[in-house]
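Let the sequences and hints guide you as you build the complete structure.
Each protein sequence line maps, in turn, to chains A and V.
Under the working numbering, residues 181 to 305 are what the first sequence spells out, in order.
Under the working numbering, residues 26 to 269 are what the second sequence spells out, in order.
Take these hints with a grain of salt, some might be off.
Listed next, the in silico DSS-like pairs over lysine-lysine satisfying Cα-Cα at most 27 Å (straight line) [claimed, not checked]:
no., chain 1, residue 1, chain 2, residue 2
1, A, K209, A, K258
2, V, K82, A, K258
3, A, K258, V, K203
Calculated Cβ distances over 10 Å to all of chain V for the following chain A residues [claimed, not checked]:
no., residue
4, T226
5, A227
6, D239
7, P241
8, Q250
9, Q278
10, A293
11, T300
Quick caveat, the hints were computed from the structure, so don't treat them as lab data.
Every residue gets a Cβ at the ideal spot worked out from N, C-alpha and C, and that includes glycine.
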Amino acid sequence: MKAHVHAMLIAVAAFGASPSLAHGSTQPKHGGIVSLSGETLFELVTAPTGVQLYVVDDDDPVDAAKMTAQLSLDTAGKTQNVVLAPAAGNRFDGPALQLKSGDKVGVLVIDKASQAHLGTTFAIK
Amino acid sequence: MRNVKSLVLAAVAMGLLTAPLDAHAVWFAQRAKQTALIYGVGADDLDAVKRFTFIEKMTGYDANYQPIKATPRIAGPIVLVDTEQQPTLLSVVFFNGIWSRVGDGEWEKKGRDEMPNATISTKNYKYSVAIMGPLDKPVPALSDQVLQIVPAGPIPKTMGEKLTYKVLFRGKPVAGAKIINDLINDPDATPIETAADGTVTMTVRNQGLNVLHAVYKGPTDDPKRYDWIENTATLSFVLPHQPE
Numbered sequence: 181m182k183a184h185v186h187a188m189l190i191a192v193a194a195f196g197a198s199p200s201l202a203h204g205s206t207q208p209k210h211g212g213i214v215s216l217s218g219e220t221l222f223e224l225v226t227a228p229t230g231v232q233l234y235v236v237d238d239d240d241p242v243d244a245a246k247m248t249a250q251l252s253l254d255t256a257g258k259t260q261n262v263v264l265a266p267a268a269g270n271r272f273d274g275p276a277l278q279l280k281s282g283d284k285v286g287v288l289v290i291d292k293a294s295q296a297h298l299g300t301t302f303a304i305k
Numbered sequence: 026m027r028n029v030k031s032l033v034l035a036a037v038a039m040g041l042l043t044a045p046l047d048a049h050a051v052w053f054a055q056r057a058k059q060t061a062l063i064y065g066v067g068a069d070d071l072d073a074v075k076r077f078t079f080i081e082k083m084t085g086y087d088a089n090y091q092p093i094k095a096t097p098r099i100a101g102p103i104v105l106v107d108t109e110q111q112p113t114l115l116s117v118v119f120f121n122g123i124w125s126r127v128g129d130g131e132w133e134k135k136g137r138d139e140m141p142n143a144t145i146s147t148k149n150y151k152y153s154v155a156i157m158g159p160l161d162k163p164v165p166a167l168s169d170q171v172l173q174i175v176p177a178g179p180i181p182k183t184m185g186e187k188l189t190y191k192v193l194f195r196g197k198p199v200a201g202a203k204i205i206n207d208l209i210n211d212p213d214a215t216p217i218e219t220a221a222d223g224t225v226t227m228t229v230r231n232q233g234l235n236v237l238h239a240v241y242k243g244p245t246d247d248p249k250r251y252d253w254i255e256n257t258a259t260l261s262f263v264l265p266h267q268p269e
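Here it is in structure tokens:
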């Protein structure tokens, strides 16, 4: 059963995370973990002082001030929603999160003007 | 010659216009990086906006399969889906009305009470579930999905591998549901019927969007107006592509 669950997690961890070099670098630039959804790159950085999210859309940094951002941390069968605050450039800041293997972090970024939704899910390994 | 060509074109057009009601479905797909609700069949991405009021219910589910708010929104010529958080699943209930026809005649949006000479009258519901995020537990039977296709094992990473699905009617496996593997690229495929345990095993066709389609006739709850309830369900999921 454990192997089955593990296989299932591995099989779908790439949802919204297919590397696509045509749309710019997919390497983390801030020491975090990255997930690519289409042409939108999300980088999640966890630090003792707080969590940071960077969003790059088709190799262009988004303007965080024009967007809202939210994380949905799913851990041990419970979901915790965390609203992030726009920070400098394409960065959003939030409180410190303790992430462990098996957790999932949903990301939803919404353009306030167009209401366009950009999202992905990080599967923490 | 021109007349023959015209006749052929007219016949083709008639064939398209009289496509069986169960041929059309709803499913979720990406449009300009947004999640959209599509109504159509094959490559026909039809007018979902015109049918916006047919959407009875839309729900998102988080990674623990707890419901989250999902709201359909008209955006120009398409219907987009807004969610309050990144969903793991999306579902929709879509009521396509009561339709009747006489013999091979055209379908009319009436019940037998309005069309007493009808030879067939059906009530039509369309259901859809999309897998939007990584799964670490089986997709559950969703209470509002009268007909639902669920993967019965892990979704493979690459096309060409086999995957077993289970078709649920009112939450329980059902035999005899007719299912096709690829509503988008092979809509005219001969359907396969589910086994006694509700399962069917097929090869995952696409390294991209996969939309499976099932049809099952449920009993009528108003025999004076329709003979059965035509339930259709789709399941959509994406296999990511390789690096470009």
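So, going through the hints one by one against the coordinates:
{"no.": "1", "hint": "K209/A - K258/A", "result": "violated (30 Å)"}
{"no.": "2", "hint": "K82/V - K258/A", "result": "holds (25 Å)"}
{"no.": "3", "hint": "K258/A - K203/V", "result": "violated (37 Å)"}
{"no.": "4", "hint": "T226", "result": "holds (17 Å)"}
{"no.": "5", "hint": "A227", "result": "holds (22 Å)"}
{"no.": "6", "hint": "D239", "result": "holds (13 Å)"}
{"no.": "7", "hint": "P241", "result": "holds (16 Å)"}
{"no.": "8", "hint": "Q250", "result": "violated (6 Å)"}
{"no.": "9", "hint": "Q278", "result": "holds (17 Å)"}
{"no.": "10", "hint": "A293", "result": "holds (13 Å)"}
{"no.": "11", "hint": "T300", "result": "violated (7 Å)"}
Violated hints, in rising order: 1, 3, 8, 11; the structure is consistent with all others.
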